[in-house]
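With the hints as your guide, set chain F onto chain P.
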Amino acid sequence: MESIDHISLPALAATAFSPDRSEIECEVMRFFEEFRSPLLRYSLSFGISVHDAEEVIQEVFLALFLHLRSEKSRKNLRGWLFRVAHNQVLRKRSALQHQVQVTSSDWMGAALQADPSPNPEEQLFANLRTQRLVAVLRVLPEIDQCCLRLRAEGLRYREIASVLGISLGAVSMSLTRTLGRLLRADRS
Amino acid sequence: MLNENSHLTDHELLLAADGELSAHRAKAVRTHLSACWHCHARMSELESAIVDFVRVHHQALDGELPPIGPSRAQFSARLSDLAVKPKASSVRAFFRFTGARRACAYLCYGLFAASLVLALLIGQPLRSFLFGHAPMGVGPSVEDGVEPNPELTPGATRQVSISDVCAVPHEEVVVDVPNSLREKILREYGIVEKRKGDYEIDFLIAPRLGGTEDLQNLWPEPYASPVWNARVKDELEERLHELVCSGKVNLRTAQNDISADWIGAYKKYFNADQPIRTSTQFGARRRTNLQL
Numbered sequence: 001m002e003s004i005d006h007i008s009l010p011a012l013a014a015t016a017f018s019p020d021r022s023e024i025e026c027e028v029m030r031f032f033e034e035f036r037s038p039l040l041r042y043s044l045s046f047g048i049s050v051h052d053a054e055e056v057i058q059e060v061f062l063a064l065f066l067h068l069r070s071e072k073s074r075k076n077l078r079g080w081l082f083r084v085a086h087n088q089v090l091r092k093r094s095a096l097q098h099q100v101q102v103t104s105s106d107w108m109g110a111a112l113q114a115d116p117s118p119n120p121e122e123q124l125f126a127n128l129r130t131q132r133l134v135a136v137l138r139v140l141p142e143i144d145q146c147c148l149r150l151r152a153e154g155l156r157y158r159e160i161a162s163v164l165g166i167s168l169g170a171v172s173m174s175l176t177r178t179l180g181r182l183l184r185a186d187r188s
Numbered sequence: 189m190l191n192e193n194s195h196l197t198d199h200e201l202l203l204a205a206d207g208e209l210s211a212h213r214a215k216a217v218r219t220h221l222s223a224c225w226h227c228h229a230r231m232s233e234l235e236s237a238i239v240d241f242v243r244v245h246h247q248a249l250d251g252e253l254p255p256i257g258p259s260r261a262q263f264s265a266r267l268s269d270l271a272v273k274p275k276a277s278s279v280r281a282f283f284r285f286t287g288a289r290r291a292c293a294y295l296c297y298g299l300f301a302a303s304l305v306l307a308l309l310i311g312q313p314l315r316s317f318l319f320g321h322a323p324m325g326v327g328p329s330v331e332d333g334v335e336p337n338p339e340l341t342p343g344a345t346r347q348v349s350i351s352d353v354c355a356v357p358h359e360e361v362v363v364d365v366p367n368s369l370r371e372k373i374l375r376e377y378g379i380v381e382k383r384k385g386d387y388e389i390d391f392l393i394a395p396r397l398g399g400t401e402d403l404q405n406l407w408p409e410p411y412a413s414p415v416w417n418a419r420v421k422d423e424l425e426e427r428l429h430e431l432v433c434s435g436k437v438n439l440r441t442a443q444n445d446i447s448a449d450w451i452g453a454y455k456k457y458f459n460a461d462q463p464i465r466t467s468t469q470f471g472a473r474r475r476t477n478l479q480l
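Keeping their order, the protein sequence lines are chains P and F.
Counting from 1, position 140 in the first sequence corresponds to residue 140 in the numbering used here; the numbering is continuous, with no gaps.
Counting from 1, position 241 in the second sequence corresponds to residue 429 in the numbering used here; the numbering is continuous, with no gaps.
Okay, chain P solo, but in the shape it has when bound (with noise of 0.2 Å):
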């Protein structure tokens, strides 16, 4: 990334809106503020540093800006960023893999603290539910994974088909299958 720190982010954060940008740029800061979050949430989810996150996610919303100047689509732009997203961080993830060996396991760790439960017998309850949870999660296929996680960011079955390059019927398939897994998991 390039270094900002010749300018303080308070100025930098002033001229985000300023009235000098183009329609475009505001439009782009305007779904920068909307998607930032749950874009960086499915990126990290892959098990790439926050580091590396933050930079695919600055490239995502830099392609949009590209993508909105030259008058392409605007059908889902949602659907489209996430999309490149998940291209950017499969790309990124595969080259870091070169590297050094990254696991998406890490993503689920922070969700075996302990849970803030009232009391100590709720507390132990609420952490064997996520225990269970949380090994279920872990063995499935990437695919039943991405379909999850897109879904708990909102995403609907035909944007999901989209950005993952499957079917509507795989998509909703492949939901069923791991809620299924999560429901006989949780009666165990």
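For the record, the hints were derived by calculation from the structure and aren't laboratory data.
Since the model is a prediction, treat every value here as computed from it, not as a measurement.
Backbone N, C-alpha and C fix where the C-beta goes; we use that ideal spot for every residue, glycine too.
It is possible that some hints are incorrect.
[Unchecked claim] Take a look, some chain F residues computed to stay more than 10 Å from chain P by CB distance:
1) Thr-219
2) Ser-236
3) Phe-241
4) Val-242
5) His-245
6) Leu-299
7) Ala-302
8) Val-305
9) Ser-351
10) Arg-375
11) Glu-376
12) Val-380
13) Thr-400
14) Tyr-411
[To be verified] Below 16 Å or equal to it, Euclidean Cα-Cα: the simulated EDC-like pairs (lysine to aspartate or glutamate) are:
15) P:Lys-75 <-> F:Glu-426
16) P:Lys-92 <-> P:Glu-71
17) F:Lys-456 <-> F:Glu-430
18) P:Lys-75 <-> P:Glu-27
19) P:Lys-75 <-> F:Glu-423
20) F:Lys-455 <-> F:Asp-352
21) P:Lys-92 <-> P:Asp-52
22) P:Lys-75 <-> F:Glu-335
23) F:Lys-436 <-> F:Asp-461
Just chain F, lined up with the frame of chain P:
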């Protein structure tokens, strides 16, 4: 129509919870849930599993999200830099070459054009010589099983008006095929037990275009087709739905075209010899599981 004596499948419950059923189907599911405690309880369990997953998803990742301020400032600066750069035009880029780079570029373009002409001139005769007579025409070959057997699956429609078809946006119509029907279709096509997971039961004429949930309108579509796959067919259905609802194509014509030869219909309505977007890139990735 749902049978009141049979329970809803997990698939139907999930589609209902996610708001992915057609209005008609959703109403039938709601009616069933209000009458059936068994399905009502399963729906609650399903929703609870969704809540648990969302909690874990956020618990695991929200703590890692850095504050937006510095990120926004950095992005804003990069965006400003990018915005002042002129749009890259391929024509302008071509003429930007100078000196040795231009000579090199001309050479490359020349070689490329020559190889293209050569391929056109000798490609087809060479294929015919090596592999026998092949049909003329450019584009990918049609893989096995991507089109249904017309004798088993000629396509079937219900009486439906344009307003019925267009009342529901195409993305809201996800229809679940009951397991019993799925089994019957797989048997008809002679698909053995161990290969069942390789197929998706797909509608030849989509419900959003008036297709019915009948043996005559359902066939096992292979997941692994690299070119003409279920996703490409989804795109065709979406295009036809738009064309029908905008009055540009007659509903009956759309139904006939997709049932006669959906790949031909794709080529016709997209004016393309091959799918505009393909999923082969992801298909390769699907085979690799995460090492969690």
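Hint-by-hint comparison with the structure:
no.: 1; hint: Thr-219; result: holds (21 Å)
no.: 2; hint: Ser-236; result: violated (8 Å)
no.: 3; hint: Phe-241; result: violated (6 Å)
no.: 4; hint: Val-242; result: violated (5 Å)
no.: 5; hint: His-245; result: violated (5 Å)
no.: 6; hint: Leu-299; result: holds (29 Å)
no.: 7; hint: Ala-302; result: holds (31 Å)
no.: 8; hint: Val-305; result: holds (31 Å)
no.: 9; hint: Ser-351; result: holds (22 Å)
no.: 10; hint: Arg-375; result: holds (20 Å)
no.: 11; hint: Glu-376; result: holds (19 Å)
no.: 12; hint: Val-380; result: holds (20 Å)
no.: 13; hint: Thr-400; result: holds (17 Å)
no.: 14; hint: Tyr-411; result: violated (7 Å)
no.: 15; hint: P:Lys-75 <-> F:Glu-426; result: holds (13 Å)
no.: 16; hint: P:Lys-92 <-> P:Glu-71; result: violated (27 Å)
no.: 17; hint: F:Lys-456 <-> F:Glu-430; result: holds (15 Å)
no.: 18; hint: P:Lys-75 <-> P:Glu-27; result: holds (15 Å)
no.: 19; hint: P:Lys-75 <-> F:Glu-423; result: holds (14 Å)
no.: 20; hint: F:Lys-455 <-> F:Asp-352; result: violated (27 Å)
no.: 21; hint: P:Lys-92 <-> P:Asp-52; result: holds (8 Å)
no.: 22; hint: P:Lys-75 <-> F:Glu-335; result: violated (29 Å)
no.: 23; hint: F:Lys-436 <-> F:Asp-461; result: violated (21 Å)
Of the numbered hints stated above, those contradicted by the structure are hints 2, 3, 4, 5, 14, 16, 20, 22 and 23, listed in ascending order.
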